Amino acid sequence: MSEENSLTEEEVVEDVAPDQETDPVATLTSDLQRLQAEYANYRKRVERDRSLAHELAIGAVLIELLALLDDVDRAESHGELTGGFKAVADQLNAIVTRIGLEKYGTDGEVFDPQIHEALMHETSTEVEVPT
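Residue numbers (the working numbering): 14 to 144.
Please note that the accuracy of each hint is not assured.
As the list claims (entries may be wrong) - Ranges of calculated distance between the beta carbons of each label pair, as one might list FRET restraints:
hint, residue 1, residue 2, range
1, Glu115, Asp84, 38 to 48 Å
2, Ile108, Ser43, 46 to 56 Å
3, Ala107, Ser137, 45 to 55 Å
4, Gln127, Leu41, 21 to 31 Å
5, Ala53, Arg111, 45 to 55 Å
6, Leu45, Arg111, 40 to 50 Å
For the record, the hints were derived by calculation from the structure and aren't laboratory data.
Predicted model, so just to flag it, every value in this text is computed and none were measured.
We treat Cβ as the ideally placed atom computed from N, Cα and C, and that holds for glycine.
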């Protein structure tokens with residue numbers, strides 16, 4: 014009976030040995046695939062975070078410049094912007110346009126609360142529709 018047991022043990026060892034040889038390869042392959050997927054996700058997350066930080070930085074700068082740009086527009090509309098100051102104002106407007114800030118709307122355009130945000134409200138007898 015011990016001979017039968019020894020043969021059985023040898024067969025078991027032979028059966029287990031090939032599985033053990035392929036199992037580390039499969040394990041290492043799955044580990045490598047998992048690491049590659051984690052790295053790809055990491056790269057996507059870092060790129061998304063960089064893009065978001067870039068957009069937030071541009072937004073913060075433009076918010077600070079809005080009051081200055083409004084003052085420049087008022088000075089230009091009153092004819093007070095001439096010479097070197099006009100050139101600086103034109104460069105400033107070109108820069109913020111390149112960054113992505115756009116002027117839209119005209120005086121007298123109907124106010125649409127779905128598009129615009131009201132900063133103040135003023136009643137006037139000269140205007141019939143909300144502008």
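Taking the hints in turn, this is what the structure says about them:
A beta carbon spacing of about 19 Å between Glu115 and Asp84 contradicts the range 38 to 48 Å that was offered as a hint. Take Ile108 and Ser43: their Cβ atoms lie about 52 Å apart, and the range 46 to 56 Å holds. Range check, Ala107 to Ser137: Cβ separation about 34 Å, and the 45 to 55 Å hint is violated. Against the hinted window of 21 to 31 Å, the Cβ-Cβ separation of Gln127 and Leu41 comes to about 57 Å, which falls outside the hint.
The beta-carbon spacing between Ala53 and Arg111, approximately 33 Å, falls outside the hinted interval of 45 to 55 Å. Checked against the hint of 40 to 50 Å, the C-beta distance between Leu45 and Arg111 comes to roughly 44 Å, which is consistent with it.
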